[in-house]
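Chains A and B, in that order, give the protein sequences.
Each residue of the first sequence is one higher than the last, beginning at 1 in this note's numbering.
Each residue of the second sequence is one higher than the last, beginning at 1001 in this note's numbering.
Among the hints, a few may not be true.
Stated by the list, open to error - Simulated coverage check for chain B against chain A, where a stretch passes if three residues somewhere in it have a Cβ under 8 Å from a Cβ of chain A: (1) 1078-1085; (2) 1156-1165; (3) 1234-1246; (4) 1252-1259; (5) 1270-1279.
Claimed, not checked - Footprint (simulated), chain A over chain B, 3 or more residues, beta carbon under 8 Å: (6) 1126-1134; (7) 1210-1218.
If you're looking for bench data, these hints aren't it; they were derived computationally from the structure.
From the three backbone atoms N, C-alpha and C, an ideal C-beta is built for every residue, glycine too.
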Amino acid sequence: MIDTGPHSSHPAQLVTESYDPAPLIRVKNLKKHFPIRGGFLPRTRAFVKAVDGISFDLFRGETLGLVGESGCGKSTTGRTVLRLLEATEGEIYFSGEDVRAMGPAELRQLRRRAQIIFQDPFASLNPRMTIGQMLEEVLRVHRLGGDRMSRRLRARTLLDTVGLLAKHADRYPHEFSGGQRQRIGIARALSVEPDFIVCDEPVSALDVSVQAQVINLLSDLQDEFDLTYLLIAHDLALVEHMSDRVAVMYLGRIVETAPVGSLYADPKHPYTRALLSAVPRPEPQRTKRRQRIMLEGDVPSPVDPPPGCPFHPRCWHPLKDEACTRMTPILEPAGDNHTVACIKFLDDSASTLDSS
Amino acid sequence: MPLLEIEDLRTYFSTDAGTVRAVDGVSFEVEEGETVGIVGESGCGKTVTSLSIMGLVPDPPGRVMTGSSIRLRGRELVGLGKNEIRRIRGNEIAIVFQEPLTSLNPVFTVGNQIHEALVLHRKLGRSDARRVAIELLKEVGIPEPDQRFSEYPHQLSGGMQQRVMIAMALSCEPDLLIADEPTTALDVTIQAQILELLADLKDRRGMAVLLITHDLGVIAEVCNRVLVMYAGQIVESGTVEEIFLRPQHPYTEGLLTSLPRISAAGARLRTIHGAVPDPASWPEGCRFASRCSHAWDRCMATMPLLLQSDGEGSGHSARCWLQDLPLSRKDQKGTRAPP
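For reference, chain A alone in the conformation it holds in the complex (with noise of 0.2 Å):
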């Protein structure tokens, strides 16, 4: 039988007992509008909504996955969460700090101990400054490492623990490949030692055979340093293959959530359901024979989002009636720590129990 009914689905159930049950980082009703301005007379016009009331916890050791397509919101999400983005609205809390009311000390030590991997390694590095120089200055900055020449070991020793060569330390961004670039990224970011990383996109910009290379890295390094990931991503298979739980976002708001097993194993908003469908995937005996979802349209602009579900324009599901464009669905427990924000899951749920 389907559970519908109102039980717990906090995610705090997939930790384990012996557990600190307080969330690493808690985000309530997190809202991101970005002001349009223009006109004869510059003054705001309107509002793109690029994060609209989105809700998470995270937890000490776990990747939640962020996917969804360009523009829903997600790396808005990971930049407003870092505070490097002031958001518009909402809560977020850092180790139970309160991190929009942080003043500038606090905010100094925030950084510290919260990092982003950016997508692209090449714009984050100073093409002027060694790589060594680089690490060792934020090193400085953060008052970490000890002297100049303890610093310049430690430098040393974060190159090795991306796997990158002491004499690597001397040389210039434009000196390495992509993949290397993007460790040395990864090697700024663990030089300050923090407990929560938000990889933004962080091998989308490397070659297949590199990527498994970066993929690994991350992995182990989090298992070495207990790090805590929010991956954003929109490549459905790398969110599959390093999430414990995964949030899918559309248009500014997140549409379900769910450990990372059930998400794949039995997708329940038509969005995911389509997203998951469309991915061409490298396996010629299966994609012959796949049932694919196909969505029409675009996705709506984030000026003027549709009103009710932002989905409904593109739904393909057959219980989408009128209902669906009045009434803003919000997250409900769907089982098995699954969330979905659709006003027909149950009644679609229902049905299927009918029919079986």
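We have chain A already, so just place chain B on it with the hints.
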């Protein structure tokens, strides 16, 4: 006769670092109505191959070397004059690039640009050209084509821009469509739409498609045959099933096992260690040897040839000395199947 025959294509670039042999002895064929995929990582020469076919290699610094042959229905394209190649390009072979917005002219309307192609290549009158252009926009699945005709490229989404590029490529009814990473810039749900459109058009028009991509998933979905390129050469070729289910070259195998896959539990990805060698100085022997876990002295010393791997008559070939190992099969290696 195959639609397209490429024999020993060599496209070199002179750079400050020396001569870069971007495409270095590539031979393959595309039959009428067939979809052939070229897959490989950045710098393997797949895009330069497509530019060479189109006669679009910037010269200088690039050059299609003498001895290279590109034949369309038996007609040699290498060495043709600018005007002759221009007649073929567009009319008989068309190309769609990865970034539609960089290929579309931002100051002309979408309709204007398709219109131009029709007037220049098909010598249509103005009103006929407009009618055909709108029909084409409709054929590639653009809603309200009449209205879109007079819109500018920036007013369209990425998926719609790519549809416009495809409409433009189709405008002269080419026999061969080269699609160079046509969906790489697009989201996965839009990618699915474009791939479906390409498959549809191919069936409806009987056009051959040469699809160039780094995405093995895309290849598996749409291609009949696959060429795997590495360091300027084809290292393996075969049907989609042969390549994905029975890869012969360690590079192909490495690519397939280093991909994270949906619903394939596995704690760790296999990796190919190291990186592609410097294209200005390819190694003497097998170009994959330095990254290959099977390599031995012979691989370092001598370049393997692209030879049949599944026995006589099979289209499955690989450029690897490993294939020589079972001695009983050695006899079959000497001869190549007729084209």
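Hint check results:
no.	hint	in the structure
1	1078-1085	violated (count 0)
2	1156-1165	holds (count 3)
3	1234-1246	holds (count 4)
4	1252-1259	holds (count 5)
5	1270-1279	holds (count 5)
6	1126-1134	violated (count 0)
7	1210-1218	holds (count 5)
The earlier numbered hints that this structure contradicts are 1 and 6.
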